[in-house]
Each structure stands twice: as structure tokens, then as C-alpha cells.
Amino acid sequence: MFKLFKRNRRTTSEYIFDNINILIMLFICAITIYPIWYVLVNSLNDGVDAMRGGIYWWPREFTLENYKAVFETPGIVTSFGVTIAKTVIGTITHVFFTAMVAYAISRRDLYGRNFYMLVGVITMFFSGGLIPYFLLIRDLGLFDNFLVYIIPTMFNFFHLIIFVSFFRELPTSLEEAAKIDGANDFEIFIKVIIPLSMPVIATIALFQGVYQWNDYFAGVIFVNNPDLQPIQTYLYKVVAESSSNQMMTNAAGSIATKTVTSQSIKLATMVVTTLPIMLVYPFLQKYFVKGMLIGSVKG
Amino acid sequence: MEVKIQQPVEQQVSDTIMVEPTKKEKYKKIKKTIISQKYLQVMALLGVVWMFIFNYIPMYGLIIAFKEYSIIKTISEAPWVGLMQFKEFLQDENFWIVLKNTLGISLIKLIIGFPLPIIFALLLNELTSMKLKKAVQTISYLPHFISWVVLGGILTTWLADIGVLNDILLGLGLISERTNFLASPDNFWAIVILSDIWKELGWSAIIYLAAIAGVSPELYESSTIDGANRFQKMWHVTLPSIRPTITILFILAVSGVLNSNFDQILILRNSLNESASNVIDIYVYQMGLQNARYSYATAVGLLKAIIAFILLLSANKIVKKLNGTSLF
Numbered sequence: 001m002f003k004l005f006k007r008n009r010r011t012t013s014e015y016i017f018d019n020i021n022i023l024i025m026l027f028i029c030a031i032t033i034y035p036i037w038y039v040l041v042n043s044l045n046d047g048v049d050a051m052r053g054g055i056y057w058w059p060r061e062f063t064l065e066n067y068k069a070v071f072e073t074p075g076i077v078t079s080f081g082v083t084i085a086k087t088v089i090g091t092i093t094h095v096f097f098t099a100m101v102a103y104a105i106s107r108r109d110l111y112g113r114n115f116y117m118l119v120g121v122i123t124m125f126f127s128g129g130l131i132p133y134f135l136l137i138r139d140l141g142l143f144d145n146f147l148v149y150i151i152p153t154m155f156n157f158f159h160l161i162i163f164v165s166f167f168r169e170l171p172t173s174l175e176e177a178a179k180i181d182g183a184n185d186f187e188i189f190i191k192v193i194i195p196l197s198m199p200v201i202a203t204i205a206l207f208q209g210v211y212q213w214n215d216y217f218a219g220v221i222f223v224n225n226p227d228l229q230p231i232q233t234y235l236y237k238v239v240a241e242s243s244s245n246q247m248m249t250n251a252a253g254s255i256a257t258k259t260v261t262s263q264s265i266k267l268a269t270m271v272v273t274t275l276p277i278m279l280v281y282p283f284l285q286k287y288f289v290k291g292m293l294i295g296s297v298k299g
Numbered sequence: 300m301e302v303k304i305q306q307p308v309e310q311q312v313s314d315t316i317m318v319e320p321t322k323k324e325k326y327k328k329i330k331k332t333i334i335s336q337k338y339l340q341v342m343a344l345l346g347v348v349w350m351f352i353f354n355y356i357p358m359y360g361l362i363i364a365f366k367e368y369s370i371i372k373t374i375s376e377a378p379w380v381g382l383m384q385f386k387e388f389l390q391d392e393n394f395w396i397v398l399k400n401t402l403g404i405s406l407i408k409l410i411i412g413f414p415l416p417i418i419f420a421l422l423l424n425e426l427t428s429m430k431l432k433k434a435v436q437t438i439s440y441l442p443h444f445i446s447w448v449v450l451g452g453i454l455t456t457w458l459a460d461i462g463v464l465n466d467i468l469l470g471l472g473l474i475s476e477r478t479n480f481l482a483s484p485d486n487f488w489a490i491v492i493l494s495d496i497w498k499e500l501g502w503s504a505i506i507y508l509a510a511i512a513g514v515s516p517e518l519y520e521s522s523t524i525d526g527a528n529r530f531q532k533m534w535h536v537t538l539p540s541i542r543p544t545i546t547i548l549f550i551l552a553v554s555g556v557l558n559s560n561f562d563q564i565l566i567l568r569n570s571l572n573e574s575a576s577n578v579i580d581i582y583v584y585q586m587g588l589q590n591a592r593y594s595y596a597t598a599v600g601l602l603k604a605i606i607a608f609i610l611l612l613s614a615n616k617i618v619k620k621l622n623g624t625s626l627f
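Note that the protein sequences, when read in sequence, are chains A and U.
Last residue of the first sequence: 299 (our numbering), numbering continuous.
Last residue of the second sequence: 627 (our numbering), numbering continuous.
It should be emphasised that the hints constitute simulated quantities derived from the structure, not laboratory data.
Backbone N, C-alpha and C fix where the C-beta goes; we use that ideal spot for every residue, glycine too.
Check before you lean on any hint, since a few could be wrong.
Said to hold, decoys possible - Chain A side only, calculated, beta carbon under 10 Å to chain U, not exhaustive:
#, residue
1, Thr11
2, Glu14
3, Arg107
4, Asn214
5, Asp215
6, Tyr216
7, Val238
8, Val239
9, Gln263
10, Val271
11, Ile277
Said to hold, decoys possible - Pairwise CB distance ranges (calculated):
#, chain 1, residue 1, chain 2, residue 2, range
12, A, Ala30, U, Glu517, 34 to 40 Å
13, A, Gly81, U, Lys372, 38 to 44 Å
14, U, Ser369, A, Lys68, 48 to 54 Å
15, U, Gln589, A, Pro195, 46 to 52 Å
16, A, Asp227, U, Leu473, 45 to 51 Å
17, A, Val48, U, Trp395, 45 to 51 Å
18, A, Leu118, U, Lys372, 32 to 38 Å
19, U, Leu518, A, Trp57, 43 to 49 Å
20, A, Phe126, U, Leu493, 30 to 36 Å
21, A, Phe126, U, Gln531, 43 to 49 Å
22, U, Gln589, A, Gly81, 26 to 32 Å
23, U, Phe608, A, Gly81, 39 to 45 Å
24, U, Arg477, A, Val88, 42 to 48 Å
As the list claims (entries may be wrong) - No more than 30 Å apart at the CA atoms, straight line, and that leaves these computed lysine-lysine pairs for DSSO-like:
#, chain 1, residue 1, chain 2, residue 2
25, A, Lys179, U, Lys337
26, A, Lys179, U, Lys328
27, A, Lys191, U, Lys330
28, U, Lys330, A, Lys179
29, U, Lys433, A, Lys286
30, U, Lys432, A, Lys290
The task is simple: from the sequences and hints, build the whole structure.
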């Protein structure tokens, strides 16, 4: 009823505008999805057949061989393991450590608060840049060490600001009650603050989780041992250094049917690398958006 | 929604200085406070220690820009060379190339890429169907979560001589023979700029959408009474209302003009498109990590950071004079 009323009041130019607007939006959606779709259907097609080209909408010779090849290439499987381990461990330690520091700094009675805050704010404007950072990691002995994915990413001052602004909104009555029961500040953080802060923890965990999953650079500059390289670094080497032939020989040894090519394995690896985020993302969208807003509004 | 930069300075709650205590009493009191909150202090100090190691030690490491550092010596042992590294960069034949590429890509990105999310947010806001709006949002945020490595893989597939783009252009008769678009410097800027827009258009619009959602409905109602149509509302109500947001993001964009999207360019560059893909960040990476010219690369990075900081301050100042909104 209301809608009808609205439509009647639209002028012709508004009507045209609305329809063109819808077309523009659909066009944007199409060019966003299609490149991803193209990779998907080509990864599901027989590799040798795909070399003829022309697979745009649907696999011509459907096969799962490419995916089988991905999971039968030892290097890829190891890299997936590294990525999963670094995402899980790196995200948990990051959230815990950053939230802990943030809780202490969020407390108005903390002696030296302004000093702690200043130490952090300076890092938002100044940094040492790539080379001094590289030399530091080297001197700390983090080269070819799994901890290079964890320790240098354990803390982030922007995330701290998001945590602090959330903690400030929490009612203090529960903290006080816990204090009367004899809990110390660390226990309060663990038992009272963390359970109350699940929305902000989810937001930061998602940001850090995506960062950990997608980052390839740490693996490129700090790690030489192939057993420690995450899947993104592995893919980087395949894409940028075109070592795809080498990848092919690795894969070919383990596969009887010669229907996969280096290109088809590459596409399948890309799909497997991206799929977890694609599947999880639409359900967690609101957390991402919320975090993005708090981050940009307050920071 | 109003965009404000948080002021970290806040009145410290202190109950100490009520009645002019003596110095000794004051110290005693501070000591007592600290001991009573020893757990909190340790929690905060752990963060400070982390920042000291991972933020402040690299800042100290910047002094190698004024030295001739090599692996055999420690940073303090390396001999001072003054501004030699900086002079060397300014005289290097690569200086103009990396400057041209960095500024060229960034400025075009600023001119095209900055207004697009604003336009996109405005158009999205005009959609009358809520369902469609939600769907478009979800889809347009998606590429943000694809890593540059995977997108690099998609691009190399699409732009290869047997790739889709060649199919399309051949089909339309726009080109006569197949080429690998990434194998020449001619198309590199366009590839970098367009793929960046493809990836971040929807995501960058989020903040504008939030700002638009925060515009008071009363403004729209009163403009309806004044007889404004939808386009006039967009132009005279929505746009001016989100101007503070636009301003702040613009200042940040201008100060980031010397930043290139390192992750993106590292994966798309190759020896054939080098003359268009060598930007400052890549140059620092090549000189420092691949050629081990640590001091030289640090000097290049430091010079970039200084200019970026000056740009941030001046953009802030100019915009403040022009329309009163600013970052600081």
C-alpha cells in the first residue's frame, strides 16, 4: 500500500533513474562475481581440455582430479597445515594479548595511563620501516621459526583502541563485585571482562584471522624452509615466480591420470585457499562491518 | 554518524593532589597505588615491552640510513656517512622512475578511486528495495577478503595471451593478435588501478554508508516540504552531511600518496613490466632485501616517510582552512 503510494508519486525521471540504478548495481555484482566464478568452473574442468580455452560458464569436462592433485601434493598439504596453525594460534594469542593490555589501559585508575597511551599513539604515526624491522626479526632469531608468524603480530594498537572503547562501556558493578570476592585484576580480566566482551572479541578475531590467513609476505622474507611456508606464500611463488612447471612435476609423480596441468592445479589451489573465507564471511559480515566502523570512527 | 578522531588525552583521575602533600608523601602514595594495582601494571607493561621491541627498536634502527651498515658489524659499530645514502638515491637513475611510477599510480588512483566509493554509496542508498541493497552490499564486500596472491593468480590467468580478456577483445575485433597484458609496461598502471578498485570499491563504501545512515531524517523531511526532488536531496542534503567524513578520508588518502599497494604490486610485477611497476616500496624491498644494501634502502624508506608526514600535515592544514574539518 505504502509502496504503491510511493511509486505513484515518482516522477518519470525518478523512475528512469531507479531502473538505471538497479542496472548499475546488478552490473557491479556481475563483474564482482564473474572472475571468481570463472576460476571455480575452470578448476572443476579437465586440465588438458581447459587449455583449449572457452570455458566461461560451466565446466566442459567435469572432474575433481585437480582437487585430488592439490591434496596429493605434499608441499601444498604442509602449507595448508602451516596456514591453519598460524591462523588459529596467531589469532588466539593476538586477541588475548591485545585485550589484556587494552583492559589495563582502559582502567581509569591505572597509574601512568597517559604515558602508556602516548607510547602507543606515537607508534601510529612513526615506524622504522621495512629494513630496520627485517634486521630486528633477524637479530631476534625468528628467521625460519614458526614464531615469526605469532610474536610480531601479537599486538596491534588500532585493535587496542577498539577494545578500550568497548571496555569503557561495560558496567563496573561486576568488576567491583569480583574485587570484593577477592579476585585480582588479572582474574577479573579473565573471568569477568572476557565473557562480557564476546562481540568485540569476535570482531577483532575476524580481522586478525583474515590477516593471518591472507598474509604471504612474512613467509616470503623471513622463511626459507618450505615446511614452514604458509599456503599464500606457496601460491605467491607459483604465481609470481612462475615455478608452476616445478609444481607440475611434483604433482605428476603422484597422479596416474595425466589430465591435470600446472594451471588447473593452480586454480584449484586458489579455490581451496579462498573457500574458507568465502563460506564464513557472509555469516560474519555484521562483525566485520561493525569493527570497520568502530575502527575508523574512533581511530 | 559523526566522525571524530579520539583524543587520547584524558583527565587522569587522581586523588593525590588535594592538599599539597610533601614530595616524600607523594612518592609514598604513588608507590602504594602501583603496588595495589600490580597486576594491572604488569598487564600494561607487557604491551609497552612489546611496542618497545617491535616498534621502537626499528625506529632506532633508522639511524643506519646515516651509516654504512653491513652484516659483519653491529649497528653502533658501523661508520657514519652523513647524508651520503640520500644523495646517492637522489642521483640514482632509478630515482625519477620510481618517483614517476609511485606518484602516477597514486594520483590516478586518488582521482578515480577516491570518488567512486562515494558515488557507489550514494547510489546504493537510493535503492528502494532493501533486499537488493543487502545483496549488493554482501557481494561488493566479498573481494576485500580475497588475498592479493589469489587475485594476482586470477589476474595472470585473465590477462595471459590465452586468457579471457584476449578472447573478448579479439571477439570484438579491438585487437588483431593475442598479447600477454602483464608482459609489457604499457598496461601496468591501468591493471593496478582497476584491480584495486575492483577489490576495494564495496569495502571503502561502508564508512560512507554509515555516514549517510546518520543523516537526520528531519533534513530530508524539511527539504521535501521545500519541494526538493530526490536528486536535489542527494546533492543538497546527503552530500553536505557526509562532507566531514569525505574530508578526513581525503586527508588520509593524500598523505598516503607515496604508499603503493605493496602486496599487490609485488605479485603483479615482473621483469618485462619493470619500467612501469618499480615503485618506491618495491625499490626499497629490492635494494634492501634482495641486494642487501641495508643502509641505502633504509634511507630511501626514511625519505619517503618524512615526505609522507609533511604531506599529511599540509593536507590537514589546507583542508582545515578551506572547510573547517580536520584530522587534528
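Right, here's what the structure says about each hint:
{"no.": "1", "hint": "Thr11", "in the structure": "holds (7 Å)"}
{"no.": "2", "hint": "Glu14", "in the structure": "holds (6 Å)"}
{"no.": "3", "hint": "Arg107", "in the structure": "holds (6 Å)"}
{"no.": "4", "hint": "Asn214", "in the structure": "holds (4 Å)"}
{"no.": "5", "hint": "Asp215", "in the structure": "holds (8 Å)"}
{"no.": "6", "hint": "Tyr216", "in the structure": "holds (5 Å)"}
{"no.": "7", "hint": "Val238", "in the structure": "holds (8 Å)"}
{"no.": "8", "hint": "Val239", "in the structure": "holds (5 Å)"}
{"no.": "9", "hint": "Gln263", "in the structure": "holds (7 Å)"}
{"no.": "10", "hint": "Val271", "in the structure": "holds (9 Å)"}
{"no.": "11", "hint": "Ile277", "in the structure": "holds (5 Å)"}
{"no.": "12", "hint": "A/Ala30 - U/Glu517: 34 to 40 Å", "in the structure": "holds (38 Å)"}
{"no.": "13", "hint": "A/Gly81 - U/Lys372: 38 to 44 Å", "in the structure": "holds (39 Å)"}
{"no.": "14", "hint": "U/Ser369 - A/Lys68: 48 to 54 Å", "in the structure": "holds (49 Å)"}
{"no.": "15", "hint": "U/Gln589 - A/Pro195: 46 to 52 Å", "in the structure": "holds (48 Å)"}
{"no.": "16", "hint": "A/Asp227 - U/Leu473: 45 to 51 Å", "in the structure": "holds (47 Å)"}
{"no.": "17", "hint": "A/Val48 - U/Trp395: 45 to 51 Å", "in the structure": "holds (47 Å)"}
{"no.": "18", "hint": "A/Leu118 - U/Lys372: 32 to 38 Å", "in the structure": "holds (34 Å)"}
{"no.": "19", "hint": "U/Leu518 - A/Trp57: 43 to 49 Å", "in the structure": "holds (46 Å)"}
{"no.": "20", "hint": "A/Phe126 - U/Leu493: 30 to 36 Å", "in the structure": "holds (33 Å)"}
{"no.": "21", "hint": "A/Phe126 - U/Gln531: 43 to 49 Å", "in the structure": "holds (46 Å)"}
{"no.": "22", "hint": "U/Gln589 - A/Gly81: 26 to 32 Å", "in the structure": "holds (29 Å)"}
{"no.": "23", "hint": "U/Phe608 - A/Gly81: 39 to 45 Å", "in the structure": "holds (42 Å)"}
{"no.": "24", "hint": "U/Arg477 - A/Val88: 42 to 48 Å", "in the structure": "holds (44 Å)"}
{"no.": "25", "hint": "A/Lys179 - U/Lys337", "in the structure": "holds (14 Å)"}
{"no.": "26", "hint": "A/Lys179 - U/Lys328", "in the structure": "holds (21 Å)"}
{"no.": "27", "hint": "A/Lys191 - U/Lys330", "in the structure": "holds (27 Å)"}
{"no.": "28", "hint": "U/Lys330 - A/Lys179", "in the structure": "holds (21 Å)"}
{"no.": "29", "hint": "U/Lys433 - A/Lys286", "in the structure": "holds (11 Å)"}
{"no.": "30", "hint": "U/Lys432 - A/Lys290", "in the structure": "holds (18 Å)"}
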